[in-house]
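Undergrad: Got two chains here, each in a separate frame; can you build the complex from them with the hints?
In the order they appear, the protein sequences are chains A and B.
Here the numbering used here is used: the first sequence runs in plain steps of one and ends on residue 110.
Here the numbering used here is used: the second sequence runs in plain steps of one and ends on residue 1113.
To be clear, the hints were calculated from the coordinates, so they are not data collected in a lab.
For every residue, glycine included, the Cβ atom is placed at its ideal position computed from N, Cα and C.
Honestly, I wouldn't trust all of these hints.
Pairwise CB distance ranges, derived in the manner of DEER restraints [to be verified]:
#1 Ala-10(A) <-> Gly-1097(B): 35 to 43 Å
#2 Glu-1014(B) <-> Arg-109(A): 38 to 46 Å
#3 Ala-10(A) <-> Gly-1059(B): 21 to 29 Å
#4 Glu-17(A) <-> Met-1015(B): 42 to 50 Å
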Amino acid sequence: SQQGEEDPQALSIQEGENATMNCSYKTSINNLQWYRQNSGRGLVHLILIRSNEREKHSGRLRVTLDTSKKSSSLLITASRAADTASYFCATDASSYKLIFGSGTRLLVRP
Amino acid sequence: DAGVIQSPRHEVTEMGQEVTLRCKPISGHNSLFWYRQTMMRGLELLIYFNNNVPIDDSGMPEDRFSAKMPNASFSTLKIQPSEPRDSAVYFCASIAGGSDTQYFGPGTRLTVL
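Only chain B is shown next, with the shape it has when bound in the complex (with noise of 0.2 Å):
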């Protein structure tokens, strides 16, 4: 098994560009998570999927980000426009019905200039 997928690793960007991050879950699994990890505020939950439907989205920071599940193994995580304070790296989690753990991916590390 190849493990929750993400791309890019590396995101250098400037401000006021439109940011994409993607995600590919483990296969078979029903849930899909977003996070945000920073130095100052720790690991955060952005969005919050279940069968392709978002459920939970009251950690998305504002207007700017948005977050797409089109199919069971392919999601987004949007930024537009970017901004400095959105430099972080950001985690795609995925798991599988009726469990406990979450697998996480290995992070997208964005920077916005």
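With the rest of the complex left out, here is chain A (with noise of 0.2 Å):
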């Protein structure tokens, strides 16, 4: 089974809107990461967090970690139309092995 599950699985919102997504998954880890992935293309790496921090920005880019609850959240402040993509969260399995999650289809409408 997948260690990463996202949540929601689509999102729609105006743009200049905030967009939260969740990942929750299942075993103990060392670090969480969050990658874009745009239609037909290959996943861009967008943030790391690691098991001893709770939040980390990036740009408009806020995480947060919650490692009693084993969950993480992206958050993208004031969206805009060329944020639409999906989202995925990936937890280390071992040193070399990411576990990607199910995603979040993310929609910002102009």
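TA: Here you go:
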């Protein structure tokens, strides 16, 4: 079974609004990463948060991690049409092996 | 930097044919991954190479799949014979030693008729 499960599966918002996506996982981790995938493209790394971190920021992105609940959230503030993509969380099952969730499809309407 | 390069970008073949997918990792990266992405199963790791040596091939579906990395700048994933259920997008990714960030190629969309 997949380690990370994103919620919601799909999200539609208006440009300028914030988008929040959640990820739950099952086993202990060293770090959790978020990736973006535009339609027909490969995945692009967005941000990594380590197990001893609770929150991390990168531009309009804010990631939180709650290891007690085995969950993470990705917040995109002031969304833009260009943010339309699928977003995946990935947890490290080992030193090299990432387990990807099923993804959240985000649609930002102009 | 050109990033991870994959070829072909699209491949349409008939059941039973041999298919070879190619990947050129980012120069200097010493680890390479092959993934398969489908709607039903999401993104699955097929095989992982470190310094050109296969370390973990537990995700390779069956004997019809094989992967090689003859040198640090080239890898192939071969399916022989191909079947319709192999239709998917196949991604290659590479990573530099000591890093946690994988860099993905654009993928090869494979359709087996």
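Undergrad: Each hint: holds or not?
TA: Consistency of the hints with the structure:
{"no.": "1", "hint": "Ala-10(A) <-> Gly-1097(B): 35 to 43 Å", "in the structure": "holds (37 Å)"}
{"no.": "2", "hint": "Glu-1014(B) <-> Arg-109(A): 38 to 46 Å", "in the structure": "holds (41 Å)"}
{"no.": "3", "hint": "Ala-10(A) <-> Gly-1059(B): 21 to 29 Å", "in the structure": "holds (27 Å)"}
{"no.": "4", "hint": "Glu-17(A) <-> Met-1015(B): 42 to 50 Å", "in the structure": "holds (46 Å)"}
In terms of the numbered hints stated before, the structure departs from none.
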